[in-house]
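Model the full structure from these sequences, guided by the hints.
These are the residues of each chain, in order.
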Amino acid sequence: MTSTLAAPRSPYARAPRKNGVNWEKWGWIYMRVSGVVLVVLIFGHLFVNLMVGEGVSALNFAFVSGKLANPFWQWWDVAMLWLALIHGGNGMRTLVNDYATTRISRGILKSAILAAVVILIVLGTLVVFTFDACPAGQPADLLPTFCQAL
Amino acid sequence: MPQNSAEALTAQRKTTSRRPAGTLYRGREGMWSWVLHRITGVAIFFFLLVHILDTALVRVSPEAYNAVISQYQTPLMGLGEVALVGAIVFHAFNGLRIIAIDFWNAKYQRVLFYVVIGLWVITMLAFVPRHLINVFSH
Chain C
0 MTSTLAAPRS
10 PYARAPRKNG
20 VNWEKWGWIY
30 MRVSGVVLVV
40 LIFGHLFVNL
50 MVGEGVSALN
60 FAFVSGKLAN
70 PFWQWWDVAM
80 LWLALIHGGN
90 GMRTLVNDYA
100 TTRISRGILK
110 SAILAAVVIL
120 IVLGTLVVFT
130 FDACPAGQPA
140 DLLPTFCQAL
Chain G
0 MPQNSAEALT
10 AQRKTTSRRP
20 AGTLYRGREG
30 MWSWVLHRIT
40 GVAIFFFLLV
50 HILDTALVRV
60 SPEAYNAVIS
70 QYQTPLMGLG
80 EVALVGAIVF
90 HAFNGLRIIA
100 IDFWNAKYQR
110 VLFYVVIGLW
120 VITMLAFVPR
130 HLINVFSH
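Listed in order, the protein sequences are those of chains C and G.
Counting from 0, one number per residue, gives the positions in the first sequence under numbering that gives the first Met the number 0.
Counting from 0, one number per residue, gives the positions in the second sequence under numbering that gives the first Met the number 0.
Possibly wrong hints are sitting among the right ones.
Said to hold, decoys possible - Derived coverage of chain C by chain G (criterion: at least 3 residues anywhere in the stretch with Cβ under 8 Å from a Cβ of chain G; other residues may be distant):
| # | region |
| --- | --- |
| 1 | 34-46 |
| 2 | 66-73 |
| 3 | 101-109 |
| 4 | 113-123 |
| 5 | 127-134 |
What the hints assert, rightly or not - To give a feel for the contact side, a few chain G residues facing chain C, derived at Cβ under 7 Å:
| # | residue |
| --- | --- |
| 6 | GLY40 |
| 7 | HIS130 |
| 8 | LEU131 |
| 9 | ASN133 |
As the list claims (entries may be wrong) - One-sided excerpt, in silico: chain G residues whose CB lies under 10 Å from chain C:
| # | residue |
| --- | --- |
| 10 | ALA55 |
| 11 | ALA91 |
| 12 | ASN104 |
| 13 | GLN108 |
| 14 | PHE126 |
Hints listed in this document are in silico derivations from the structure and should not be mistaken for laboratory results.
Where is the CB? At the ideal position from N, CA and C, for every residue including glycine.
Following this line, the structure appears as structure tokens:
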């Protein structure tokens with residue numbers, strides 16, 4: 000089978016839709032807007048978790064639940080969760096469109112990406128807003144120090 | 000489309016010449032920044048999936064979370080974190096470069112690629128020694 004490559008910037012073989020929302024344009028804008036915000040959120044996240052104090056060696060339940068007991072870090076982490084997963088999912092969709100050659104493989108891969116993004120956004124949001132920094136019946140040395148005052 | 004083939008051939012000859020024309024994304028800095036942006040993006044995406052699942056263990060129990068997070072503190076994973084942060088920092092700075100190309104001026108894309116590399120080196124010089132001390136002194 001021989002196939003010819005269209006010359007660069009030749010018009011679409013299929014006429015582009017003229018009405019309705021241009022989702023590709025909004026996806027393109029989303030990647031740039033979320034990208035700028037994510038640079039700030041993720042650099043802040045990496046600095047606080049890996050650079051301050053003893054970095055990765057200091058990470059444990061007491062550290063993370065101490066952070067997540069604070070609404071500031073709850074909203075920081077939820078914003079990162081939503082922005083990063085949708086940004087990453089849309090980026091993976093671009094790769095599938097570029098590299099998956101059949102309609103059915105594109106369908107399967109994009110469904111898998113969508114499922115992963117939706118499930119992890121729901122899971123992560125529930126975890127951030129429903130977890131207990133001082134769970135009952137747990138050894139005090141595993142918990143943040145403010146749990147002792149309760 | 001016979002009448003188009005001569006035109007297509009000219010276009011092809013132009014784009015396969017030694018100096019690619021009319022595109023930022025074939026050959027040299029434009030292409031390699033694009034390749035690295037894709038590779039780092041995929042790597043970060045798969046880490047993100049795992050990272051949300053491991054963080055979700057704070058909802059299970061302190062022991063479960065500590066058992067998994069201690070795996071991130073081994074020397075091997077410490078080196079993996081250097082690679083992860085390197086990928087994130089490149090993707091972040093090159094993403095800002097893409098935004099500058101789109102909204103500002105594409106003629107600076109090549110010099111901006113070297114700005115990205117320079118900022119990446121500076122950021123990694125600030126991060127890597129401190130991180131490796133944290134990993135290997137505990």
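Hint by hint, here is what the structure shows:
no. : hint    : verdict
1   : 34-46   : holds (count 7)
2   : 66-73   : violated (count 1)
3   : 101-109 : violated (count 0)
4   : 113-123 : holds (count 4)
5   : 127-134 : holds (count 3)
6   : GLY40   : holds, 5 Å
7   : HIS130  : holds, 6 Å
8   : LEU131  : violated, 10 Å
9   : ASN133  : holds, 4 Å
10  : ALA55   : holds, 5 Å
11  : ALA91   : holds, 5 Å
12  : ASN104  : violated, 16 Å
13  : GLN108  : violated, 15 Å
14  : PHE126  : holds, 7 Å
The structure is inconsistent with the numbered hints 2, 3, 8, 12, 13, although it conforms to all the rest.
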